[in-house]
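Enquirer: Which chain is which? The protein sequence lines are A and B, in order. Residue numbers for the first sequence follow my numbering, beginning at 1408 and rising by one. Residue numbers for the second sequence follow my numbering, beginning at 323 and rising by one.
Each hint should be verified, as a subset may be incorrect.
Unchecked claim - Capping the alpha-carbon separation at 25 Å, the derived lysine-lysine pairs in DSS-like fashion look like this:
(1) B:K333 - B:K363
(2) A:K1515 - B:K333
(3) A:K1515 - B:K342
(4) B:K363 - B:K342
(5) A:K1547 - A:K1515
(6) A:K1547 - B:K342
(7) A:K1515 - B:K363
Calculated directly from the structure, the hints in this document are not laboratory data.
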Amino acid sequence: MRIGVVTFPGSLDDRDAARAVRVAGGEAVALWHGDADLHGVDAVVLPGGFSYGDYLRCGAIARFAPVMEPLIDAARGGLPVLGICNGFQVLCESHLLPGALIRNDHRKFVCRDQPLRVESTTTAWTSGYAAAQEIVIPLKNGEGGYVADQRTLDELEGEGRVVVRYLGDNPNGSYRDIAGITNARGNVVGLMPHPEHAVESLTGPSTDGLGFFTSVLEGLVRA
Amino acid sequence: MARVVVDVMLKPEILDPQGKAVQGAFGRLGFEGVASVRQGKRFEIELDGEATPEAVAEIERAAATLLANPVIEDFTVHVEAGV
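Chain A on its own, in the form it takes in the complex (with noise of 0.2 Å):
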C-alpha cells in the first residue's frame, strides 16, 4: 500500500510522517507541492509545519498548490487523507473539513505531550483503534485553536465527526475540546497532535501514534 506525504515549502514533519508510515508496514511516496499528480497513491498524509512560513492564514497558501487540486477531487471521490497540524490547516482551508484553526487563546506555543481520548473509530485513520481509547501524543502548535459556528459543532457531535479531544486541560482554546475531526464519509481526517511524531517508543512518548497508520492500511487492504 502506498501512501504519499506531501511536501510544501516549509512542511517539517514530512520525513517523519513517512517513517511512520514505513513503520506501520506502508510504503511512503513522496508527494511535491508543485505537481499536480498522486501519482497513484491509495491515501496522502498532509503533514505538519509553516507551509508558505504561515503567510497570510496557516494553511491559505498551501491550499492553492498545485498538488491540492488533484488532492481536493480525490478526497472528494473517497481517497483517505490525513492532515496533521498545519495539514489540518490546510483541510480546513480547503473547506475539506468545516471550521479553522486560530491563534491560541493564551497567545503561546504549546509543545507537549497530550493527553487524547479517540471519539470515532469509524473513520479511515482511527479504525484500529478502541472506543473511548486514551492515547497520548506530541501537541505543538501556536495557532490550533479549532473555532466553528455553533451549528457546525452541534452537526459534528451529532454526527460524531468528532475524532479526537483534548483530555485535561484545553491546550488551546480549541472549542469544546476538538483535536481532531472528519468529513462525513470519514475518509478525511485533521487534527492538531502529531500521530507520526508516537510510533516508536525511542523517541515518542509512547506508540499510540502508530493506529492512525495502521488504520488506514488495514482498511486498505480489506478494501
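With chain A's structure known, arrange chain B on it following the hints.
Expert: Frame of chain A, contents of chain B only:
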C-alpha cells in the same frame, strides 16, 4: 492606475488573541480609555488600469477566495481615491 484596498477582520464572535495582547500592552504603557483592540489585515492592491466595476468585482472574488477565510473573517473592499 488605481488602488483597491481590502480590509480583513476576524468576525466579532471569534476570539482575537493578538488584539488582546496589544490591548494588554496599551495598559502597561499607560494609554488609557481603551475598551478593546482587534487586529486585522489591510491589503493595498494596485491595478493595471482603472477601477472599473469589473475590476473591483474581480478583487472581491480574490478577497473571498484567498485574502479572507469567510469561516472566521469578514472583509470590505473599497477603491482608494486620488491615487
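Enquirer: Find the hints from earlier in the document that the structure breaks and name them by number, from lowest to highest.
Expert: Per hint list: zero violations.
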